[in-house]
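Asker: Letter by letter, the chains look like this.
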Amino acid sequence: MAPVSDVTPLGSGRYLVEQNGQTTIAYAVASERGTWVFLDGRTYIVGAEAALRPGASAADEPDALAAPMPATVVRIDVTVGQRVTRGSLLVMLEAMKMELPIRAPRDGQVAAIHCRVGEIVQPGVPLLELPSRAESDQT
Amino acid sequence: MFSRILIANRGEIAVRVIRACREMGIESVAVYSDADARALHTTLADRRVRIGPAVATESYLSIDAIVGAARSSGAQAIHPGYGFLAENPHFPAACDAAGITFIGPPGDVMTRMGSKIAARRLAQNAGVPIVPGEVPADQSDDAIAAAVARIGFPALVKPSAGGGGIGMKAIRDPASTAAAIAQARREAIAAFGDGTLYVERLIDRPRHVEFQVLADHHGNVIHLFERECSIQRRHQKIIEETPAVVLSPAVRARMGEAAVALARAAGYRNAGTVEFLLEGSGDAARFYFLEMNTRLQVEHPVTELVTGIDIVCAQIAIAAGEPLAWRQDALSQRGHAIEARVYAEDPERDDLPQAGPLLLYRQPSMPGVRVDSGVVEGDEVSVHYDPLLAKLIAWGETREAARRRALAALRDYPILGIRTNIPLLIELLEHPRMIAGAIDTGFLEAAGAAIRARLGRETPAAVDAVARAARSAGPSRPAAGRGARSLAPAAVAIDPWTSLRGARV
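Here the protein sequences come in this chain order: A and B. For the first sequence, my numbering gives the first residue as 1, with consecutive numbering after it. For the second sequence, my numbering gives the first residue as 140, with consecutive numbering after it.
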């Protein structure tokens, strides 16, 4: 294990990090969305938002799929009851001039659709529901 | 010379033009939508005019609103920046009608060069080589598919009205043709309101090399050498440099002459860029005219750093009727410049655009480094516009010196509150192929997966220690009744340091 780093606040979000005789400047801000840290060209979020990151926990994803950011619904490619396979396109969003595909994170059956074409959707608000079921354990 | 100029844009380019005006002793007028009421560009200009709601079609894309703002503020000229109305031929026409000078080419030249068919014909007549391709007269999906088959695979379909890589789709086999055409059409209509598609041969592994030209109203046309923009993601440039590594002096001279010949043949005025695809390297390299951009380019600073010419100031002088201050044979390239575009997007998540507060934003400052930015700490990055936050441009005596400077600067460029592509830019600049200059436009697609895999490296222990120290200093702002998962712009003003003041630091 790396030895514990010595951190000295320098003010205005700057922190002096001393470790193994080496010094580095880090920047950090605590916010309601977790603590943001910048160190040597990389940004880290410690706490809250980490759970939002991809691959963090594919296993306990919620049933509902949400827009990652405010966006317009351009197209809905599925209907309620339709079976879909992992990776298939469910909803096409558009934001900042880019198409933003929402794909199925797993095999399953669409249980409900909560958005309409043309609607502006907010992040975190469910677009549709694709329940994760025990049978998907096989994959 | 003008005494007051309106800047019909936002973000870093509006700031760039405002600063040029100030240098030249010209008053600047900023315009803004409701989403930008506190944006940096509006705070730097001498005057500011609200032009509409956040939605761009009713603000930055509204010719009426912008010309109206120019009239009411007494501006004699309008600088369009890039994007938005910069390449809309109705805009210079509307300026003319209102007795306002448009800082750019005449509308008819814009129309001609904006049409890929007309531009190609013009290039052919001027003796400039072009890539085989066509705009099928019959624009049905079947006819486009037939054109793709005629031209052969790999082929490229793209919006005839387009630019910036939007709606551009590569087709490598017959099976994927229909889907690609449909998607290109949708994006063409969404982005440009015109679904006309253009089909051409895809030159595999080309380099994207473009020439900056300047043309005055007295018949003088010069070029300011090339820019290489081969590092692209979905046809969007992210790193640009000059000089181009593979360009031999002989090919550079021929391409420069071709660019000037084309601008002359087009009756071009002001600053423009002639884009070429380059196949091969050294004296044997072949180049093909791709298109002409009738505006200032995002990546113009690299040219400024190696030629010493301020392109924005030159644009204003040309529009005011002044003759070019430079002769071609007096121009040279000194050293090397690299630009890295800093985008509000998450490279670990398919480059998903990011919106949110800039809780902390500190630009690097060091020799040979320039940052053209449209934001400051405390700003809210909104979802309404392009995710470009800033451009970091490094100059060095050699390419390697410029690359090292760019890296050092990016490692000292903390942006907290939203994700940015800085980690990706660092990985790209450290990549062996980038170091060797062995880059073509397929580079990021080919090497992207490996590069992105490196982004997910584990968190160093020091990060947790710093996070603990920051948490004990207290949250940056009180909870504003928003969900913890919300990425939506906060309705409250952000002052991250207000609550830190009580902390012992």
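No lab work stands behind these hints, which were simulated from the structure alone. The C-beta atom is built at its ideal place from N, Cα and C for all residues, glycine as well. Do not rely on the hints blindly, as some may be mistaken.
[What the hints assert, rightly or not] Below, simulated EDC-like cross-link-like pairs (lysine to aspartate or glutamate); rule was C-alpha separation at most 20 Å, straight line: (1) B:Lys308 <-> B:Asp281; (2) B:Lys308 <-> A:Glu99; (3) B:Lys308 <-> A:Glu129; (4) B:Lys308 <-> B:Asp185; (5) B:Lys308 <-> B:Asp333; (6) B:Lys308 <-> B:Glu414.
[To be verified] Stretch by stretch, here's where chain A covers chain B in the computed footprint (C-beta under 8 Å, at least three residues): (7) 450-461; (8) 465-473; (9) 559-573.
Asker: Look at each hint and say if it fits the structure.
Answerer: Status of each hint after checking the structure:
1. B:Lys308 <-> B:Asp281: Measuring from Cα to Cα gives roughly 16 Å; hence the hint holds.
2. B:Lys308 <-> A:Glu99: holds (13 Å)
3. B:Lys308 <-> A:Glu129: violated (31 Å)
4. B:Lys308 <-> B:Asp185: violated (43 Å)
5. B:Lys308 <-> B:Asp333: The given pair, whose Cα atoms are some 16 Å apart, holds under the 20 Å limit.
6. B:Lys308 <-> B:Glu414: holds (18 Å)
7. 450-461: As far as the stretch 450-461 of chain B goes, the hint is violated, because 0 residues have Cβ atoms under 8 Å from chain A.
8. 465-473: violated (count 0)
9. 559-573: Satisfied; 4 residues make the cut.
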